[in-house]
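Trainee: So you can see what is in the structure, the chains are spelled out below.
There are 6 protein chains.
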Amino acid sequence: MNLTHVDDNNRAKMVDVCCKDDSFRVAVASGKIEMSQEAFEAVVKNNIKKGPVLQCAVVAAIMAAKKSSELIPMCHPLMIGGVDCDIEQLDDLPGFKVVVSVKVDGKTGVEMEALTATSIALLTIYDMTKAIDKSMRISDIQLESKTGGKSGQYRRN
Amino acid sequence: MNLTHVDDNNRAKMVDVCCKDDSFRVAVASGKIEMSQEAFEAVVKNNIKKGPVLQCAVVAAIMAAKKSSELIPMCHPLMIGGVDCDIEQLDDLPGFKVVVSVKVDGKTGVEMEALTATSIALLTIYDMTKAIDKSMRISDIQLESKTGGKSGQYRRN
Amino acid sequence: MNLTHVDDNNRAKMVDVCCKDDSFRVAVASGKIEMSQEAFEAVVKNNIKKGPVLQCAVVAAIMAAKKSSELIPMCHPLMIGGVDCDIEQLDDLPGFKVVVSVKVDGKTGVEMEALTATSIALLTIYDMTKAIDKSMRISDIQLESKTGGKSGQYRRN
Amino acid sequence: MNLTHVDDNNRAKMVDVCCKDDSFRVAVASGKIEMSQEAFEAVVKNNIKKGPVLQCAVVAAIMAAKKSSELIPMCHPLMIGGVDCDIEQLDDLPGFKVVVSVKVDGKTGVEMEALTATSIALLTIYDMTKAIDKSMRISDIQLESKTGGKSGQYRRN
Amino acid sequence: MNLTHVDDNNRAKMVDVCCKDDSFRVAVASGKIEMSQEAFEAVVKNNIKKGPVLQCAVVAAIMAAKKSSELIPMCHPLMIGGVDCDIEQLDDLPGFKVVVSVKVDGKTGVEMEALTATSIALLTIYDMTKAIDKSMRISDIQLESKTGGKSGQYRRN
Amino acid sequence: MNLTHVDDNNRAKMVDVCCKDDSFRVAVASGKIEMSQEAFEAVVKNNIKKGPVLQCAVVAAIMAAKKSSELIPMCHPLMIGGVDCDIEQLDDLPGFKVVVSVKVDGKTGVEMEALTATSIALLTIYDMTKAIDKSMRISDIQLESKTGGKSGQYRRN
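Protein chains in written order, with the numbering used here: chain A, 63 to 219; chain F, 63 to 219; chain C, 63 to 219; chain G, 63 to 219; chain U, 63 to 219; chain H, 63 to 219.
Errors might be hidden in some of the hints.
Cut-off 25 Å, straight-line C-alpha distance, at most; resulting in silico cross-link-like pairs (PhoX-like, lysine-lysine) [what the hints assert, rightly or not]:
no. : chain 1 : residue 1 : chain 2 : residue 2
1   : U       : Lys111    : F       : Lys112
2   : F       : Lys129    : F       : Lys169
3   : F       : Lys196    : A       : Lys94
4   : F       : Lys212    : H       : Lys169
5   : F       : Lys82     : A       : Lys196
6   : C       : Lys107    : H       : Lys107
Hint data in this document are derived by calculation from the structure and do not stem from the laboratory.
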């Protein structure tokens with residue numbers, strides 16, 4: 063298989079999607095952040111007290127979804143139709159799992175938007191907790207599913 | 063320990079660093095992307111042929127380092143003094159490891175810049191390879207070391 | 063009535079508009095800035111001499127309309143079709159009234175674009191006049207009318 | 063008095079601050095949004111339930127403070143040192159009052175940053191509540207105080 | 063003929079394109095940079111060794127195409143469908159010629175996107191070579207052709 | 063001589079300027095746009111009537127100076143201290159000459175800021191005049207002078 067983003071002169075290109083039809087597309091991505099028990103408890107306690115750490119990460123995720131085409135060089139600008147971000151508490155890790163779902167009615171998919179939003183939400187949690195624990199690790203950023211578009215449906219096993 | 067980015071009214075705040083002295087600071091972060099053998103070989107072959115995939119990821123990393131304070135809500139704007147990004151080929155994973163080093167002479171650290179740049183480089187590799195493999199996974203985004211500033215040196219074990 | 067931008071987990075979300083039809087929409091917003099007689103006369107005199115204060119505010123308004131979805135966290139990106147900005151001289155206040163009209167053929171309205179553009183135009187007048195008067199006040203930023211979309215027409219009394 | 067942002071050819075200019083000394087500066091701005099009783103109660107209830115409306119406005123304020131020099135054409139880029147945003151419930155209006163404080167150790171003041179952040183926080187509340195009430199009005203955006211810099215202290219009467 | 067971007071009050075406006083039909087449009091622009099023999103040879107040698115100068119300029123061009131409506135005040139936001147950038151070596155000048163082609167299925171043309179991308183690619187070559195030669199000159203930035211839209215086809219003689 | 067923006071692995075890097083001292087620096091750049099007599103007269107007439115074309119180009123220049131590090135991948139973020147933009151009428155070309163001067167007290171020069179601002183001002187004139195003449199050509203974008211910094215003074219012959 064070929065790399066789609068490389069032209070005949072071996073240069074980067076933004077793939078032409080003009081001739082594609084608009085279709086309804088959804089992409090869901092997820093990722094995790096693992097932290098010390100002490101940092102985890104600080105975030106959980108903050109969340110119970112209506113604190114801003116996780117709310118802030120949700121807002122950052124949604125704003126990042128809109129910025130994906132500014133960050134990922136070959137990513138198309140898209141009129142995103144909807145974004146949802148949820149954050150699950152993982153007591154055993156300990157840490158948090160971020161799940162972002164992005165929807166569009168457009169000519170190209172929103173996988174990069176969902177993955178970028180997930181990454182930025184996790185980095186926001188890192189930023190707001192790093193005074194307690196600098197060794198936190200972000201992992202398992204991956205596409206969970208996508209629907210719509212010519213390449214059809216994808217669902218992670 | 064307390065969360066530094068939360069004020070007395072339990073709202074998010076950007077921590078005041080005005081009274082800190084400028085100091086020379088370096089932060090190094092890294093992360094990995096794991097992909098199918100087929101996708102890996104396509105990127106390796108592209109790189110041998112002077113192709114743009116990894117070069118594009120390096121450029122994206124450097125530009126993202128400069129955008130961190132736009133993406134991470136409580137992150138301070140900083141006049142970044144230098145950014146290096148290297149990408150190692152991991153034949154066994156298979157996949158790639160991105161390492162970003164950011165330097166500043168300023169009032170606050172560049173951990174978030176290094177981590178954000180690493181994340182965006184990995185997402186750029188994903189974007190340019192996703193036509194071959196949608197199941198790639200980004201992992202182990204973490205701070206390797208930091209020097210400078212009041213909290214002193216950190217080196218990952 | 064419910065808040066539309068809050069999901070079942072009580073988190074912020076960007077409302078899904080994918081299934082809405084494109085329709086032609088217009089939103090008009092306005093706002094005022096009140097200033098000292100001295101500051102007012104400086105701006106009026108500048109305007110008579112082809113000076114840049116009000117022209118600069120118009121340009122800032124149009125550029126801000128295009129940036130609304132970067133600024134307002136849950137605001138959808140939109141391909142704005144047209145923006146007009148007018149500035150009236152209010153001799154009695156004394157001060158200026160900014161009126162911005164934004165048009166789109168799209169899935170969601172442009173109220174936020176018109177209101178954001180109005181706000182930034184007023185702040186630009188403030189910025190360019192603040193050496194004379196720091197006590198200027200910006201008021202009455204409001205939606206004048208909107209047409210198009212499912213919720214139909216709105217006209218302020 | 064003269065308009066500082068206009069050059070000898072009657073064109074807009076960004077005032078030269080290179081020769082100014084760094085000094086510690088604080089600016090505080092405030093503004094209000096007035097809404098229907100129904101919209102007000104929806105936001106208050108949302109806040110009690112740890113909902114995101116006001117938290118989202120605080121995050122938007124802090125991010126907008128960092129974007130002021132992108133929005134206000136003649137505004138200098140600045141390395142903001144700290145931002146606090148508080149939102150008071152005004153039962154009698156009914157509505158909310160936003161107060162933003164911005165700090166910097168730099169060559170020019172942060173009045174525009176405080177005023178821009180205040181404006182965007184108010185617009186964010188508007189956006190997240192507009193499905194209930196389109197007639198909300200934003201008013202009294204004004205500088206409360208500033209300290210530091212050559213022009214010295216300002217405090218609103 | 064009239065200036066289209068000026069309203070009846072002699073103010074700048076973003077022209078209303080809401081009523082235009084979507085059509086498939088392509089614009090091609092080009093430009094040159096002339097440099098000393100020494101700087102030219104450094105770039106050519108870098109390119110032979112898989113070096114990043116020209117690859118970086120291509121990436122900058124594609125990212126700038128997406129930013130045109132943020133930079134050119136009256137330029138419409140557009141969902142660009144594809145961007146190609148090629149760089150030719152001009153041994154006789156000596157220097158380089160950048161050619162950018164932008165495609166869209168939309169309501170307005172992509173001439174400004176192609177011209178802006180060309181300009182930024184040339185400035186990127188300047189930036190990465192300026193330690194060797196500060197006297198480089200960028201010239202002949204021009205539209206080569208456009209197709210689609212009401213004004214029809216344009217081809218430079 | 064070597065390319066400064068390429069690291070030992072032949073990748074792009076942002077040059078480290080942390081150890082440089084702050085110094086007062088000025089860069090002046092210029093460029094021209096050549097157009098048909100008809101387009102030229104439309105802009106001149108617009109300018110006489112206090113019209114926005116040239117004022118808009120000045121504002122675009124100043125805002126672009128602030129965005130240089132977002133556009134030019136290896137360009138450092140800088141706290142620009144002042145920007146002036148002048149536009150001369152060239153009756154014989156016919157066309158216009160843009161001259162931009164940028165000042166900073168910082169660790170690295172502002173050549174790219176002056177050149178980028180010049181380019182965007184010229185593109186803005188193109189955009190607002192292109193309905194009359196699509197064959198306009200932008201040329202002679204070049205550094206006129208720079209002062210300050212380790213490499214000392216440069217003045218174009």
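Trainee: All hints, please: hold or fail.
Mentor: Verification of the supplied hints:
1. Of the pairs offered as hints, the one joining U:Lys111 and F:Lys112 holds, with about 8 Å between alpha carbons and a cut-off of 25 Å not exceeded.
2. Of the pairs offered as hints, the one joining F:Lys129 and F:Lys169 holds, with about 18 Å between alpha carbons and a cut-off of 25 Å not exceeded.
3. At roughly 18 Å between alpha-carbon atoms, F:Lys196 and A:Lys94 fall within 25 Å of each other, so this suggested pair holds.
4. Between F:Lys212 and H:Lys169, the direct Cα distance comes to roughly 23 Å. Compliance with the 25 Å bound is thereby established for this hinted pair.
5. For the hint linking F:Lys82 to A:Lys196, the alpha-carbon distance of about 20 Å falls within 25 Å, and the restraint holds.
6. At most 25 Å may separate the alpha-carbon atoms for a hinted pair to count; C:Lys107 and H:Lys107 meet this at roughly 21 Å.
Checked against the numbered hints given earlier, this structure breaks none of them.
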